[in-house]
Structure formats: structure tokens, C-alpha cells
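Number of protein chains: 2
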Amino acid sequence: MFESAELGHKIDKETYRKAVPKLRAALLDAQYDLKEQGKIPVVVLISGQDGAGKGETINVLYEWMDPRFISTLAFSTPTDEERQRPAMWRYWRALPPKGRIGIFAGSWYSDPIHDSIEETISKFALDQRIDQINRFEAMLVNEGALVLKFWFHLTKDAQKKRLKELEKDPKTAWRVTKWNWDRLKTYDKLQDVAGHMLRMTNTPWAPWIIVEGADDRYRSLTVGKIILDSLKKKLADKVKDVTPVAPPVPPNIDGRDIISELDLTHRLTKAAYETELAKWQGKLSELVRHPRFKERSLVCVFEGADAAGKGGSIRRIGAAMDARQYQIVPIAAPTEEERAQPYLWRFWRHIPRTGRVAIFDRSWYGRVLVERVEGFCAEADWLRAYTEINDFEHELAKAGAIVIKFWLQISREEQLKRFKEREKIEFKRFKITEEDWRNRKKWDAYHRAICDMVDRTSTGDAPWTLVEANDKNYARVKILKTVCERLEAALKKKNKL
Amino acid sequence: MFESAELGHKIDKETYRKAVPKLRAALLDAQYDLKEQGKIPVVVLISGQDGAGKGETINVLYEWMDPRFISTLAFSTPTDEERQRPAMWRYWRALPPKGRIGIFAGSWYSDPIHDSIEETISKFALDQRIDQINRFEAMLVNEGALVLKFWFHLTKDAQKKRLKELEKDPKTAWRVTKWNWDRLKTYDKLQDVAGHMLRMTNTPWAPWIIVEGADDRYRSLTVGKIILDSLKKKLADKVKDVTPVAPPVPPNIDGRDIISELDLTHRLTKAAYETELAKWQGKLSELVRHPRFKERSLVCVFEGADAAGKGGSIRRIGAAMDARQYQIVPIAAPTEEERAQPYLWRFWRHIPRTGRVAIFDRSWYGRVLVERVEGFCAEADWLRAYTEINDFEHELAKAGAIVIKFWLQISREEQLKRFKEREKIEFKRFKITEEDWRNRKKWDAYHRAICDMVDRTSTGDAPWTLVEANDKNYARVKILKTVCERLEAALKKKNKL
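Sequence lines, in order, name chains A and B. Going by this note's numbering, the first sequence opens with residue 26, and the numbers climb by one from there. Going by this note's numbering, the second sequence opens with residue 26, and the numbers climb by one from there.
Note that these hints are calculated values from the structure, not bench results. Be a bit skeptical, because a hint or two may be false.
Think about it this way: if two alpha-carbon atoms lie no more than 30 Å apart in a straight line, the pair counts; the simulated DSS-like pairs of lysine-lysine are [unchecked claim]: (1) B:Lys449 to A:Lys250; (2) A:Lys445 to B:Lys47; (3) B:Lys257 to A:Lys196; (4) B:Lys257 to A:Lys453; (5) A:Lys308 to B:Lys257; (6) B:Lys258 to A:Lys38; (7) A:Lys38 to B:Lys250; (8) A:Lys295 to B:Lys186; (9) B:Lys35 to A:Lys295; (10) B:Lys210 to A:Lys453; (11) A:Lys497 to B:Lys453; (12) B:Lys148 to B:Lys423; (13) B:Lys38 to A:Lys196; (14) B:Lys453 to A:Lys35; (15) A:Lys453 to B:Lys35; (16) B:Lys38 to A:Lys449; (17) A:Lys466 to B:Lys60; (18) B:Lys517 to B:Lys506; (19) B:Lys257 to A:Lys38; (20) A:Lys497 to A:Lys519; (21) A:Lys519 to A:Lys304; (22) B:Lys442 to A:Lys64; (23) A:Lys449 to B:Lys257; (24) A:Lys304 to B:Lys189; (25) B:Lys38 to A:Lys38; (26) B:Lys203 to A:Lys506; (27) A:Lys60 to B:Lys449; (28) A:Lys506 to B:Lys449.
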């Protein structure tokens with residue numbers, strides 16, 4: 026894997042001096058095209074052996090390009106806000122927006138590599154991480170990103186030589202510390218681990234680029250040229266989506282499906298409702314104060330037909346908790362900063378810390394519901410979304426989140442009744458818009474989309490609960506009860522998953 | 026202060042039932058106008074005695090208005106990301122954008138009130154906090170916000186009675202915990218502290234609204250009506266800026282000023298430059314690894330004429346540090362999310378944690394430079410900005426930040442020379458735009474703005490360093506040296522300020 030990067034590549038001063046001005050000008054042009062076009066985020070990973078020129082390369086890139094549109098993302102010990110969320114959260118929050126370049130000094134590879142060197146991760150867990158990384162990078166590329174993963178290589182002798190040279194020169198001696206010399210000791214171990222890691226994550230959509238790091242001029246020119254070529258190719262839109270479109274959903278030939286089978290006649294009397302409501306709210310308020318909940322978090326997702334009663338149900342859950350503990354996240358049109366990111370980004374930013382609750386009023390499922398039905402995204406995009414969403418929820422669950430998803434279903438007649446009622450009551454008019462009437466006309470298309478969604482995203486980590494919501498009392502109690510039961514079951518277990 | 030809120034206000038069921046639908050409709054209308062107009066962020070503080078209906082009021086507001094455009098911000102123990110920044114950072118990051126309503130359950134009053142009850146804050150420090158709060162709220166209002174501060178009051182007897190009632194009813198018994206009963210014990214203390222606090226922060230621009238909390242219907246109707254009236258008044262633009270415009274800058278009658286007095290002939294030979302550069306970079310790399318720096322942070326601000334060499338100087342500082350420790354923050358046009366916030370918000374979001382460094386390439390001083398000169402903001406806005414900026418930097422300093430500000434000055438001739446050079450070199454062309462040529466024509470207006478800026482914002486906490494930058498070598502070394510000396514002096518002290 027590293028053979029070509031041990032040949033002793035070198036570029037002489039004169040060649041370098043001639044090549045650089047042209048390269049800089051071309052890089053700048055490409056960078057401005059990137060910015061102008063505003064469609065592609067560029068993710069550059071800078072990794073490799075210590076002393077192989079990682080820091081120097083970052084400095085060169087800053088010098089050669091317009092630094093206003095580059096950011097360097099570096100990661101040290103996670104903060105508690107980061108530790109209390111899924112491991113990938115810190116990287117999501119650092120992703121560069123479209124049109125910009127984000128240089129990752131340290132990345133999602135750092136922890137697995139570190140843990141492998143320290144031997145604190147099992148082979149099985151490592152493979153899972155690798156699989157997760159490959160899926161994450163595929164998602165980035167599918168979302169339009171250019172992902173360039175550099176690994177700077179250096180032989181052990183070259184590493185030693187480099188440190189000595191730096192130490193000898195009074196101008197650079199201050200850069201060499203004990204920490205650097207210690208790295209020499211773990212050289213072999215890192216080579217082993219990196220060899221495995223790089224091989225397993227060397228995907229066609231985000232291949233590793235191994236660069237010999239010993240010669241500054243060779244390294245800088247190589248990196249510059251690779252970035253330039255990749256940018257140009259990507260800007261010319263010659264790079265295609267990586268994920269093959271999933272096989273078509275099986276046709277429904279007998280007219281039966283999970284939504285049609287729901288018994289919407291379930292009812293609850295007012296008296297029974299009030300008793301049950303108090304019972305489950307009391308229960309919920311105890312559960313979220315359970316000592317073990319401090320290690321967990323709760324993510325509730327509410328989806329449902331228009332006027333199905335999502336808001337009322339959400340308020341009944343909120344009423345059982347302290348305002349400091351939960352956050353309602355209503356999903357409206359994305360902001361400019363959100364539109365410049367992969368579509369899951371705006372949900373990642375609201376993922377709760379341990380001990381906290383987030384209630385999503387509509388969610389990432391918009392991708393496979395409204396965006397699918399209205400044609401707001403390409404078929405390939407919503408088809409791959411099922412897998413991306415499952416991965417996302419799996420990551421939440423792995424970090425201790427209890428993910429509970431509700432689909433609130435009402436009949437077409439009940440919806441019409443509620444629409445008309447809303448139009449009559451002045452303070453409820455805001456709840457009914459032209460769009461709701463339009464959506465209603467697409468009842469069948471939504472019906473199909475809902476069935477597909479449930480089939481493809483009801484997983485062990487995060488199953489869907491379908492709620493018969495023609496009767497609000499019945500629906501609210503069923504929801505509260507489900508939340509309590511899922512929470513209780515999760516808190517009984519000692520381990521998170 | 027609380028007398029009117031101890032009269033036993035009550036609203037009967039019938040009156041309430043009649044009033045609510047109209048109020049809800051009007052509130053919704055106002056909320057949509059607010060959103061449509063998109064100019065006013067609404068900050069609602071919900072505070073007061075426990076059991077006085079804080080949570081209930083939040084629920085009512087959610088029910089009466091469109092919850093998609095309301096968010097509740099609640100604050101418990103600060104996270105380490107929050108603790109490692111100025112105390113106000115967590116509130117800044119939670120501010121609602123223009124057109125939205127943010128309900129603060131807990132606010133910048135919580136800590137001073139808590140500390141006063143526990144007697145862990147001196148009278149002097151408390152007064153400082155109060156002063157800071159008043160200035161902060163004035164800034165919010167000047168930036169267009171509507172600030173509504175509710176205090177829900179309850180007599181001690183009413184508090185006891187309320188807890189007993191809640192406990193008796195099986196539907197609400199779960200809401201009463203030991204924590205609530207404990208609050209009774211601190212009732213008197215809280216009344217004392219709140220009395221002082223409320224009186225001192227009862228400003229004309231953000232007065233306290235004290236509401237009797239015993240009767241649900243009275244409290245809900247009162248709050249609803251106050252919000253409605255305030256929204257309507259604010260939307261009709263009948264509320265004026267609070268800060269009187271500062272006295273005019275004294276005229277310059279002898280033609281001497283701090284910029285003209287700079288000796289721009291300072292030079293450094295290449296050899297001297299290289300020795301000095303290595304010396305100060307080595308020094309800086311040691312200083313940022315000093316154990317005491319873990320408790321401090323470094324904020325560097327670079328302002329200067331176009332082509333004065335900000336970028337090159339910044340890179341020389343960065344080269345002395347680990348990429349994980351510092352962040353370069355280039356200030357370009359604000360994003361949509363940033364434009365929806367007070368102008369300092371986009372700088373607050375980049376404030377470094379302790380142990381970290383942020384280097385601002387242009388900064389909040391844009392307000393009193395380009396925005397003043399180009400007329401991008403009203404005179405009153407840039408005039409009040411001097412004070413707001415001083416408050417901001419004082420807060421940084423108080424939290425342990427070392428704030429170092431550089432103005433890089435070159436002569437008009439040197440600028441012309443550099444502009445022309447840049448146009449000749451292909452890869453430097455991006456550095457020179459039409460705008461630079463336009464700015465150049467306003468040299469004198471900028472000159473005046475710079476002098477005012479330095480006079481008004483060079484404070485003990487955060488003095489300006491003027492850099493003679495006609496010679497790049499000289500400028501870079503002066504900058505590095507200044508950073509080292511300021512850092513060293515700060516790290517010698519045991520205490521932060």
C-alpha cells in the first residue's frame with residue numbers, strides 16, 4: 026500500500042519555482058468556480074505519520090488559495106457536549122458548507138486508529154466502525170461532496186531524519202517536542218493499523234491518496250495538483266452518484282397494506298382519557314428523572330397526515346417534563362446555512378445530549394414523504410435515504426438514544442371534518458392552508474409513501490408505532506403509553522444497546 | 026414592588042371562555058405579522074416564584090400561538106463548552122432570530138439571583154452584573170428586539186396552598202416533588218433578592234412585568250394581552266431606540282492624529298527578520314502550551330487598510346501553533362442566520378474556549394469602519410457600537426480572554442504599489458477587487474473612522490496596537506512580539522483580570 030510512497034520522490038527548486046505560480050492561479054480559479062457554483066462542499070482529510078508534513082501542507086494550501094473560503098477543523102479531546110452525543114456529531118457540526126473547503130486535521134479516522142493502536146477496540150467493533158465510515162462518506166459524496174483523503178507517508182528512517190533536521194535549525198527547533206519523539210516509538214504500530222484501515226476504507230467514491238511526505242516540494246506540488254484536478258473534474262460534473270438505486274418497491278397486488286389495516290374506530294371516553302393521561306404523564310415524569318436516564322437520551326419523531334393531531338400529542342408529552350429537559354423541534358423550510366449542507370445536517374444539529382429529550386414535529390422522514398411525493402428530490406435521492414436514515418438512527422441508538430417514531434393516521438373523512446372545523450374557528454385557521462388542501466388531493470401517493478417508509482425504516486433500533494388517531498383521546502394515550510413502555514424497557518437494561 | 030400582585034386577582038370561567046378565542050386569533054395575527062415583517066426578535070423571560078405558573082404559562086403560549094415559530098430556551102448546569110467561555114455566551118447562542126419568539130425559562134438573571142441567595146457574590150460584583158445586564162438588554166432593544174420580562178409572583182401562603190392542591194389531585198400529584206417543597210423554605214430570601222434585582226433592572230426599554238400567579242385564568246389572560254399589545258405596538262414601529270446618540274467626535278483642528286503620526290519608514294532586513302521571526306514564533310509556541318494558558322484564551326483581531334498584509338501576519342502566528350489549538354475566522358458577508366441576529370452574534374459564535382485561540386481576519390470593527398463610511402448602518406447604530414464593543418471585549422477579558430487588536434497601516438503610495446503588483450501576479454489577482462479601488466478613494470473618510478475607533482475602543486482590557494506596515498518584515502515581527510509580550514504578561518498574573 027505504501028510502496029510507491031517510499032521511492033524517495035523529490036522535486037528540485039527550479040522545477041518547483043516554475044510550477045507553483047501556474048498551479049496557484051489555477052487553484053484559485055477552481056476555488057472561485059466552486060464558490061460561484063455553490064453546490065459542492067469539499068472535505069479534505071489530512072492524515073498520516075507524524076513529521077510527514079501535515080501542518081506544512083495546511084499552511085501551503087492557505088497560502089495558495091483564498092483563505093477566506095477555507096476552514097481547518099481540528100479535533101482534540103471531545104467536550105462534554107460532544108461526549109454526550111453520538112460520536113459522529115462533532116464531525117457533522119464541522120462539515121463545510123457547499124462552495125467551501127474544509128480541511129480536517131484529524132477526522133472520523135482518528136478515534137478508531139487510536140483505539141486500535143491502544144488495542145481498546147475489538148476487531149468486530151473496528152469492522153463496524155469501518156463500515157459506518159464507508160457509509161458516511163458515501164452519503165457525503167451522494168450529497169454532492171468532494172471527499173479527498175490524504176495520507177502522508179514517511180519511512181521510519183525518514184521520520185527520524187526529519188525530526189533531527191528540524192531540531193538542528195534554530196528557526197524550527199521549537200517545533201520539535203518530546204511528543205514528536207514519542208511518535209517514533211509507535212511508528213510500526215501505526216503503520217500496521219493504518220494499513221488495515223486504509224485498505225478497508227479505500228472506496229471508489231472516496232479513495233485514499235497516499236503521498237510521500239519526506240520532500241516538501243514534492244508533497245506540496247502533489248497535493249496541489251490532486252486538489253486541482255479533482256476540483257475541476259467535480260465541477261465539470263463528471264462524477265456520478267455512488268449508490269446504485271435500490272430495487273423497486275414490490276407492487277401491492279391484493280390491496281392490503283399496513284395503513285389500510287389500521288382500525289380507526291378505537292375510542293376513549295373523556296373520563297377514561299383523563300385517568301389514563303394522568304397515569305402515563307406521571308409515569309413519564311418519573312422515567313425521565315430515573316438515574317439511568319442520565320446516560321440515555323430520548324428522541325421522539327412525530328409524522329402524520331395533516332390535522333392528525335401531532336401538536337396536541339406533543340404538548341401532552343412536554344407537560345410531563347421540566348422545560349429544561351426537553352426541546353420541541355418543529356421542522357419547517359431549511360435555512361440558508363442548512364441548505365448548504367447534507368440534508369441530515371439540520372437534524373443532527375438538534376440531537377439531544379444524554380439526559381435530554383428532543384421531540385421532532387415532522388422530521389428527516391420528509392425526504393421520503395413530501396420530497397418524494399412532490400418530486401422535490403430525485404428518485405435516487407429518496408431511495409438511498411432509507412438506508413441513510415437507518416444508519417443515522419442506528420448511530421443515535423448506539424450512543425444511548427431511545428428513538429421512538431409515531432405515524433398518526435386519520436381517515437380521509439375525519440381529515441375533511443377537521444379541516445372544515447379549523448376553517449370555522451378563527452384561532453385555528455392558521456393550521457389550515459392551501460397546501461393542506463393540495464396535499465389532500467395526493468392522498469393515495471402519500472399512502473404509498475407511508476407504507477414504503479414504515480416497511481423500510483422500522484428497525485429493531487427504531488421501530489415505528491402506527492397510531493389510530495381518528496379519536497384524539499385514544500391517540501394521545503397510546504402515544505404516551507408507548508413512550509413510557511419503550512423508556513421503561515430501555516432503562517431496565519444495564520447496557521445501552 | 027409586588028403589592029399589586031397580591032390583591033388576589035381572579036377571572037371567572039365565563040369571562041375567560043369569552044375572551045380567549047378573540048385573544049388567540051389576535052395573537053396569531055400578530056405572530057404572523059411578526060414573521061412576515063422579519064425584523065423583530067421577541068425575547069420573553071419567564072421567571073418568578075416556584076408554583077406561580079411558569080411552566081403553565083409556557084404551555085398556554087404554545088397552545089395559543091403557532092408553536093413552529095416559538096422556541097423555549099431552558100438552561101441548567103452549564104456544559105464545559107459553556108463554562109469555558111464568557112458567561113453570556115450560552116444566552117447569545119440561544120437568542121431567537123428576527124421574526125421569531127424565544128421564551129427563556131431561566132435567563133441571564135438566574136445566576137445572579139442564585140448567587141445572591143447563596144451569598145456567594147459580593148454586592149459590588151452583583152452591581153456589576155446588573156449593570157452588564159442593563160447594557161445587554163439595551164443592546165438587544167437597539168438591535169430591534171422586543172424584550173418582555175415577566176415575573177410571576179405568589180404570596181408564601183398562596184405558594185403553599187398551590188402545592189397542596191396539586192398534590193391532592195391525582196392528575197397533577199406527580200408534578201410535586203421534594204424540590205418544590207424545598208422552594209418554600211427559600212421563599213423569603215428569593216423575595217428579598219428579586220426585589221433588589223428587579224428594581225435595578227427595571228429599565229424603560231425592558232421593564233419588568235409583575236403578574237400575580239395564583240389564578241390560572243387571570244395569569245394566562247394577562248400574559249396573553251401584554252404580549253399582544255407589546256407586539257402590536259412594536260410592529261407599528263412606535264418604539265424608538267433607547268440609547269441617546271453619543272456626543273460628536275471632537276474636531277481635529279491641527280491636523281495631527283494617531284495615524285498620521287506613525288513612522289512608516291521602519292524597516293527590518295531579511296536576515297534580522299528571519300532571526301526575529303524564529304525567536305518569537307518559538308516563544309509563542311511555548312506560551313500557548315503554558316499550563317496557565319489552559320485557563321485563558323487568546324482573541325486576536327486584525328484590521329487594516331486593504332493590502333496592508335493581514336493575511337501574511339496571521340499565517341505567521343498560526344505557524345507557531347498546533348492546528349487543533351487555533352481557528353482563523355475570516356469575516357465575510359453575514360449569512361441569513363447571522364443577519365437575523367444582533368450584529369455581534371456572528372462574532373460571539375466564534376469565541377474560543379479556554380486554552381484556545383481565535384484569530385479574526387477583520388472583525389466586529391466593521392461596524393465602525395466600513396459600515397460607518399459606506400453608510401451601511403445608521404449613524405446612531407455605529408455611534409452606540411463603540412460602547413457595545415467595549416462591553417463585549419470587557420466580557421471576554423473578564424472570562425480570561427487576552428484580547429489583542431492590531432491596526433495595520435500603510436501609506437497611500439505603498440497601497441498603490443501593492444495593488445499594482447497584485448494585478449500583475451496572476452495568483453494574487455484575487456486579492457484585488459473593484460471594491461478595493463473604491464475603498465481607496467475614501468481614504469480620508471476611513472482615516473477619520475480609524476482614529477475615532479482607536480480613541481473610543483482602546484481600553485485597558487483590550488488596547489489597540491498600531492502597526493507600521495509599509496515593511497512587511499517589520500510589521501510581522503512587531504505583531505508576533507506584541508502577542509508574545511501581552512500573553513506573557515497575562516500569564517504571569519495568577520488571576521484572570
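_Hint compliance check: list the failing hint numbers for this structure, sorted ascending._
3, 5, 6, 7, 10, 11, 13, 19, 20, 22, 25 and 28
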